[in-house]
Amino acid sequence: MGIKIANFEMKNPIIAASGTFGYADEFEDFCDVSKIGAVATKGITLEPRSGNDGERIFETDCGMINRIGLENIGIERFVEEKIPVLKKKNIIYILNAAGSTIEDYSKLASIAHKNGIEAMELNVSCPNVKSGCLEFGTDENSLYELVSRVRKNYGGCLIVKLTPNVTNIENLAAAVEKAGANAISAINTLKGLGIKIEYLNGKFHKKEVQGGLSGKCIKPVALAMVKRIRTATKLPIIGMGGISCLSDLFEFISAGADAFEIGTQNFTRCDICNTLADELENFIKTNGFKDYEDLKEKIKEIK
Amino acid sequence: MKKIQKGTIKKNRLIAKDTFALEILSDVKEAHSGQFISILCPPKVLRRPFSIKGFKNGTIEVFFKLKGEGTNYIKSLKEGDNIDFLGALGSGFNIKNKKSLLVGAGIGIAPMLFLKDELNSRGIENFLITGFKCENEVIKGSDKTVIGGSVIDFLPEITEKFKPQIIYSCGPEIVLKLVSDFAKKHDLEAQIAMEKVFACQVGVCRGCVIKILKDGKVQNAAICHDGPVFDAKAVVWE
Numbered sequence: 001m002g003i004k005i006a007n008f009e010m011k012n013p014i015i016a017a018s019g020t021f022g023y024a025d026e027f028e029d030f031c032d033v034s035k036i037g038a039v040a041t042k043g044i045t046l047e048p049r050s051g052n053d054g055e056r057i058f059e060t061d062c063g064m065i066n067r068i069g070l071e072n073i074g075i076e077r078f079v080e081e082k083i084p085v086l087k088k089k090n091i092i093y094i095l096n097a098a099g100s101t102i103e104d105y106s107k108l109a110s111i112a113h114k115n116g117i118e119a120m121e122l123n124v125s126c127p128n129v130k131s132g133c134l135e136f137g138t139d140e141n142s143l144y145e146l147v148s149r150v151r152k153n154y155g156g157c158l159i160v161k162l163t164p165n166v167t168n169i170e171n172l173a174a175a176v177e178k179a180g181a182n183a184i185s186a187i188n189t190l191k192g193l194g195i196k197i198e199y200l201n202g203k204f205h206k207k208e209v210q211g212g213l214s215g216k217c218i219k220p221v222a223l224a225m226v227k228r229i230r231t232a233t234k235l236p237i238i239g240m241g242g243i244s245c246l247s248d249l250f251e252f253i254s255a256g257a258d259a260f261e262i263g264t265q266n267f268t269r270c271d272i273c274n275t276l277a278d279e280l281e282n283f284i285k286t287n288g289f290k291d292y293e294d295l296k297e298k299i300k301e302i303k
Numbered sequence: 001m002k003k004i005q006k007g008t009i010k011k012n013r014l015i016a017k018d019t020f021a022l023e024i025l026s027d028v029k030e031a032h033s034g035q036f037i038s039i040l041c042p043p044k045v046l047r048r049p050f051s052i053k054g055f056k057n058g059t060i061e062v063f064f065k066l067k068g069e070g071t072n073y074i075k076s077l078k079e080g081d082n083i084d085f086l087g088a089l090g091s092g093f094n095i096k097n098k099k100s101l102l103v104g105a106g107i108g109i110a111p112m113l114f115l116k117d118e119l120n121s122r123g124i125e126n127f128l129i130t131g132f133k134c135e136n137e138v139i140k141g142s143d144k145t146v147i148g149g150s151v152i153d154f155l156p157e158i159t160e161k162f163k164p165q166i167i168y169s170c171g172p173e174i175v176l177k178l179v180s181d182f183a184k185k186h187d188l189e190a191q192i193a194m195e196k197v198f199a200c201q202v203g204v205c206r207g208c209v210i211k212i213l214k215d216g217k218v219q220n221a222a223i224c225h226d227g228p229v230f231d232a233k234a235v236v237w238e
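Residue numbers (the numbering used here), protein chains in the order written: chain A, 1 to 303; chain B, 1 to 238.
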């Protein structure tokens, strides 16, 4: 079940999505983290960030909105405190990196390279921070320049996570490929607004949270985006957005995905990454497919 | 994987207006007052956290109030039905061998009743006061029940008579803030159990953070993981 993107080997095609799995070892009481294909870390920035004030979570029908604002411990502490733990526990990880400027991303890339981090996912699509980040992900020229600069400093597997909040995702995917990335992950969250109004004791009370929408409700958007990206690039695609069961994996393969990230569903069922990997492996074995690649080919052939 | 639990419903009964006591048979080995469990409520995305009201030989009791789809699902569970939950999660009350005043508000009485049991079993003198909005919402078990007013108004009198050395509290944020203010004014130690919407339940998503003062610095703490019980003095109120 192991798969390879560039030189990066994962135990299986199921990846825990950034922001939903912390720095991985925190989930040890709830699932077998070492069996997960790979874990994309919480978005890491050069300096630690305390994230946004106020309400950060809003549950919607079949999904949720978050506006965490990239709270994280910063790359220095990640390298010092987390990498040794991840290595010791045999957890395969992908560094999810975010920044405000090209320099931020370049520096993160150098640090990742120097410390032997095997895979890096560029977050150019966080809707919850004021500057940078999403701006790079919505303009193909800026994105090309950013990815090119990171590529110069980083020799590992470079994945770029795209936002669906754009008009033409094909151009962005093409720019990422031209700049030398090894894979595309898609999609990040959709911009959303949650409003809840309650009438209590003769008074209205309002809760309003604007942020990134995720969960099952975004799956059709994610599938559409993956399919469009597939028309623009030959790069491997890590598909994500509302995945919760085996048939979702098949749908994403059909749209053009090669691997998968599981996000919000980790909150509902914390062992979902293990479960999906087991179910996928079992399906391959019991139905006579040679391996995962064979299954993928067969699904892609379906007319 | 010790904290993913498949339990069975033992009892699910109405105890006050729109309020139920749910007993779950489980393999949980240990649970303390202030800790919580998070119940999967299909089709909701996020698990619902509930303070533990009691624990004995694997049977966990929680109180829940009907609020929407999630709690309606729990209400529908009958004796013998399966239930998927995580727990016991979070850090509970740090019980001190001190004369204890317990302040609950509404369904916040649940962890106070559990704490009262734990204090009694250790022979620690305690007094529980709880406030409810109206008569039909009252949950029994307190030493003093306030109906329709604020529990805070009664704290000076009780403190004068009972002379507590520590206060423990659970309830809406406004009550916890007033309890903290009261404790500070009277130079009393206080521990408060906080609440917010939780996404991950285990501290990784950073969705339920509050600001606390730790090591001389204001920093984030996730209620679900670093709490839900905090030293009232450490909480930086927004």
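Worth flagging that the hints you see were computed from the coordinates, not collected in a lab.
Accuracy of the hints is not assured; some may be wrong.
[What the hints assert, rightly or not] List time: in silico DSBU-like cross-link candidates among lysine-lysine, alpha-carbon distance up to 30 Å:
1. B:K17 to B:K75
2. B:K67 to A:K216
3. B:K67 to B:K98
4. B:K67 to B:K96
5. B:K56 to B:K67
6. A:K11 to B:K177
7. A:K207 to B:K6
8. B:K196 to A:K191
Outcome of the hint check:
Restraint check for B:K17 and B:K75: the C-alpha separation of about 13 Å stays at or below 30 Å, so the hint holds. A threshold of 30 Å between alpha carbons decides the hint, and for B:K67 with A:K216 the separation of about 23 Å falls inside it, so the pair holds. As the CA atoms of B:K67 and B:K98 are separated by approximately 36 Å, the hinted pair breaks the 30 Å bound. Pair hint B:K67 plus B:K96 does not hold up; C-alpha atoms about 34 Å apart against a cutoff of 30 Å.
For the hint linking B:K56 to B:K67, the alpha-carbon distance of about 27 Å falls within 30 Å, and the restraint holds. About 48 Å separates the Cα atoms of A:K11 and B:K177, which puts this hinted pair outside 30 Å; it is violated. Only pairs whose Cα atoms come within 30 Å are accepted, and A:K207 paired with B:K6 is rejected, the gap being roughly 34 Å. About 23 Å separates the Cα atoms of B:K196 and A:K191, which keeps this hinted pair within 30 Å; it holds.
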